[in-house]
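Visitor: Heads up: the sequence lines are chains C and E, in that order.
Start counting the first sequence at 1; every next residue gets the next number (my numbering).
Start counting the second sequence at 266; every next residue gets the next number (my numbering).
Just so you know, the hints here were simulated from the structure itself, not pulled from any lab data.
Don't be surprised by glycine CBs; every beta carbon is placed ideally from N, CA and C.
Honestly, I wouldn't trust all of these hints.
Unchecked claim - Take a look, some chain C residues computed to stay more than 10 angstroms from chain E by CB distance: (1) 34; (2) 49; (3) 72; (4) 77; (5) 112; (6) 181; (7) 244; (8) 264.
As the list claims (entries may be wrong) - Here's a subset of chain E near chain C, in silico, CB distances under 7 angstroms, partners left out: (9) 285; (10) 301; (11) 305; (12) 313; (13) 381; (14) 450.
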Amino acid sequence: MLEEIFVVNRLVLFGITVAIAVIMLIAIRRAKKGKKYFIRRIAGLEAIDEAVGRATEMGRPVHFSPGIASLSEETAAQTLAGLAVLGYVARLTAKYDTDLIVTNRMAEVLPITEEVVRQSYLSEGKPENYNPDNIIFLSDEQFAYAAGCMGIMSREKVAANIMMGAFWAESLIFAEGGFVAGSIQVAGTANTHQLPFFLAACDYCLIGEELFAAGAYLSQDPMQVASIRVQDIGKVAAVLLIIVGTIASTCNWPVIIDFLAKFAS
Amino acid sequence: MRREVPIVVTFVSGILFLLDYFIKIPYVSENVVGQFLDWAIIVAAFALILGAANIFRIHIYKIVKGKKEWWNSLILLVAMLVMAVVPIIWTQQNAVYTFLFKNIFENLNGTMFALLAFYIASAAYRAFRVRTKEAAVLLVSAVVVMLGATPIGAKIWSGFPEYSGWLQTIFTTAGMRGIMIGASLGAIVTALRTIFGIDRSYFGGQ
Chain C
1 MLEEIFVVNR LVLFGITVAI AVIMLIAIRR AKKGKKYFIR RIAGLEAIDE
51 AVGRATEMGR PVHFSPGIAS LSEETAAQTL AGLAVLGYVA RLTAKYDTDL
101 IVTNRMAEVL PITEEVVRQS YLSEGKPENY NPDNIIFLSD EQFAYAAGCM
151 GIMSREKVAA NIMMGAFWAE SLIFAEGGFV AGSIQVAGTA NTHQLPFFLA
201 ACDYCLIGEE LFAAGAYLSQ DPMQVASIRV QDIGKVAAVL LIIVGTIAST
251 CNWPVIIDFL AKFAS
Chain E
266 MRREVPIVVT FVSGILFLLD YFIKIPYVSE NVVGQFLDWA IIVAAFALIL
316 GAANIFRIHI YKIVKGKKEW WNSLILLVAM LVMAVVPIIW TQQNAVYTFL
366 FKNIFENLNG TMFALLAFYI ASAAYRAFRV RTKEAAVLLV SAVVVMLGAT
416 PIGAKIWSGF PEYSGWLQTI FTTAGMRGIM IGASLGAIVT ALRTIFGIDR
466 SYFGGQ
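Whenever a hint applies, use it, and build me the whole structure from the sequences.
Guide: Set out below in structure tokens:
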């Protein structure tokens with residue numbers, strides 16, 4: 001019966017997704033009624049203001065990359081999180097009359113970055129300062145995009161290099177390119193294999209979940225901040241499951257392993 | 266309407282794909298979701314035209330206005346046109362295209378990738394400078410892991426490979442898994458926020 005309706009080996013993930021959705025909606029409802037949720041200080045996001053401020057003082061542009069993932073893969077959430085940060089960066093550059101250069105690798109992300117930046121300039125009351133020529137599609141080839149970014153960072157002498165999204169082997173090329181150009185660098189990704197490079201080469205780095213919290217943190221929208229609450233509850237649940245799993249494995253109790261093998265393989 | 270329509274499209278397509286991933290819905294899975302995927306491919310193909318138009322607009326402007334290093338823009342446009350037109354007219358098996366691909370494109374790609382080796386060295390130099398206790402721990406761990414992964418390490422001391430493996434399987438794996446759990450939860454929440462229209466940052470201006 002169960003096999004006829006559900007994809008059985010995804011049942012655990014289905015349960016987790018439904019639970020997260022329900023808890024999120026409850027937290028949002030509470031936020032609407034006035035409950036305030038605490039969100040800890042994230043140094044990497046605080047540094048964005050400093051980075052744009054520095055670029056303004058130096059009269060040099062800010063470079064932003066939303067990563068190299070598309071909007072139709074499992075890494076799409078990282079691109080969306082990057083776009084939320086882009087909106088904030090664009091409002092800051094609009095406010096301070098600083099040039100913002102956005103480079104894109106995925107063609108389908110280009111119209112969205114254009115719209116995000118244009119709307120941000122509009123909301124700051126400076127639509128005339130929006131320069132569509134600064135929203136650039138470079139190439140959908142990974143290393144051609146990396147080469148293009150390095151060239152722009154070097155030629156334009158960007159003072160702030162902000163990279164938020166999904167990155168792969170090009171992450172260190174960007175970070176070193178920005179370092180050579182003398183930029184203050186803020187990066188964020190949930191791709192664990194690239195985090196060491198960003199941590200080593202950038203001034204500030206958002207690690208994993210911090211990238212996904214960025215939109216809520218920067219907007220301070222109570223509904224979005226409330227949704228972050230779910231991540232905390234999820235982490236507590238994960239810790240409890242780890243403890244239970246450790247005890248079950250140590251006691252040679254295969255129930256949990258058998259259950260996961262059937263419903264979460 | 267400019268905002269409502271995208272929110273409705275995001276909600277309907279998001280819920281549809283989400284349910285299709287978990288639940289077997291006879292007609293919807295085979296026809297509707299497949300149709301949506303085809304549309305996504307078509308939209309992405311049109312977006313590529315937009316991308317090409319963006320490149321042309323920016324670089325033709327640079328050439329016409331004689332901006333600094335405008336000749337680079339000219340080389341880019343010529344290269345782009347040749348690499349696009351040659352396979353369209355004479356297929357990708359054409360000798361000219363194969364020559365350009367193997368002798369220019371692949372080499373340039375390889376060169377960019379190879380730069381990583383030098384960048385790793387310079388980034389590692391900066392990261393390993395012992396300025397704090399954490400940096401000292403990082404340096405010692407990195408030296409053990411590096412020596413453990415090279416034949417010379419085992420020659421110096423037979424314990425290096427063992428401790429290198431211990432550091433990677435215990436500390437690195439535990440840390441990475443912790444980050445992955447947090448990131449996975451974050452990705453699910455971000456996706457749900459977008460589907461339910463709570464996060465509309467992709468519109469900008471908020």
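Visitor: Give me the numbers of the hints this structure contradicts, sorted from smallest to largest.
Guide: Hints 3, 4, 5, 9, 10 are the ones this structure does not satisfy, whereas the remaining hints hold.
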